[in-house]
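S.K.: If you read the sequences in order, they're chains V and H.
93 is the number of the first residue of the first sequence in the working numbering; add one for each residue after it.
13 is the number of the first residue of the second sequence in the working numbering; add one for each residue after it.
Derived from the structure by calculation, the hints contain no laboratory data.
Predicted, not measured: the structure shown is a model, and the values here were computed from it.
For each residue, glycine too, the CB sits at the ideal point set by N, CA and C.
Certain hints may be false.
[Unchecked claim] Restricting the straight-line Cα-Cα distance to at most 35 Å, the calculated cross-link-like pairs of lysine-lysine (DSBU-like) are:
1. H/Lys26 with V/Lys197
2. V/Lys197 with V/Lys162
3. V/Lys151 with H/Lys21
[Stated by the list, open to error] Pulled from the structure, derived: some chain V residues nowhere near chain H, Cβ distances all over 12 Å:
4. Gln95
5. Val96
6. Glu107
7. Tyr114
8. Gln125
9. Gln129
10. His134
11. Pro135
12. Lys162
13. Thr169
14. Asp175
15. Thr178
16. Gly185
17. Gln189
18. Leu190
Listed below are the residues making up each chain.
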Amino acid sequence: GQQVMQIPQYQHVQEGEDFTTYCNSSTTLSNIQWYKQRPGGHPVFLIQLVKSGEVKKQKRLTFQFGEAKKNSSLHITATQTTDVGTYFCARTGSNYQLIWGAGTKLIIKP
Amino acid sequence: NAGVTQTPKFQVLKTGQSMTLQCAQDMNHEYMSWYRQDPGMGLRLIHYSVGAGITDQGEVPNGYNVSRSTTEDFPLRLLSAAPSQTSVYFCASSYSNRGTDTQYFGPGTRLTVL
């Protein structure tokens, strides 16, 4: 249906390593939004992708929208402690409401 | 601008009690919504409103009521609290209901029902 599958649920990395989370849909997406939630905090909007094959960068973060508009990814290069949190993707459903992935929790190993 | 504000930050209820979670925004946004967040389940939509006087149900509306008498305020009422309603509740607003606008979230209310 309209769900978005987000993987992995958790990712443990050493500081300085890269991190990637993926969102997949069985149906074509009109758009995809990405949010970050710090521990104990609330979701904060990062970016929206709408075009097939779109790639957007925000410093060390790279967001991609697949050519078929059925998947998206967020890649963080050289993670820092400030990147810790849960990253969510969200799609617009048929009634214009946002449908959220379950999130990927980024954990930095001590 | 204060953005989206929510009160209280924390609340403990006993089963069967009722309460209202408050939400207000000062950005003149038409669209407001309530989500609950449970571990490993992302955000689930409870109720939403596309403008003053207009509300509708989301994915998990049972046990909750809402009203929207002004553009600014969107309270969520728990009618008879149950332990299954233990969760973190977020209120969010956006400029419109087109689904492509940025959603701005409040800080959340952490609710425990005993």
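S.K.: Hint by hint, where does the structure go against what was stated? Just the numbers, ascending.
M.R.: Those not satisfied are hints 4, 5, 8, 9, 10, 11, 15, 16, 17, 18.
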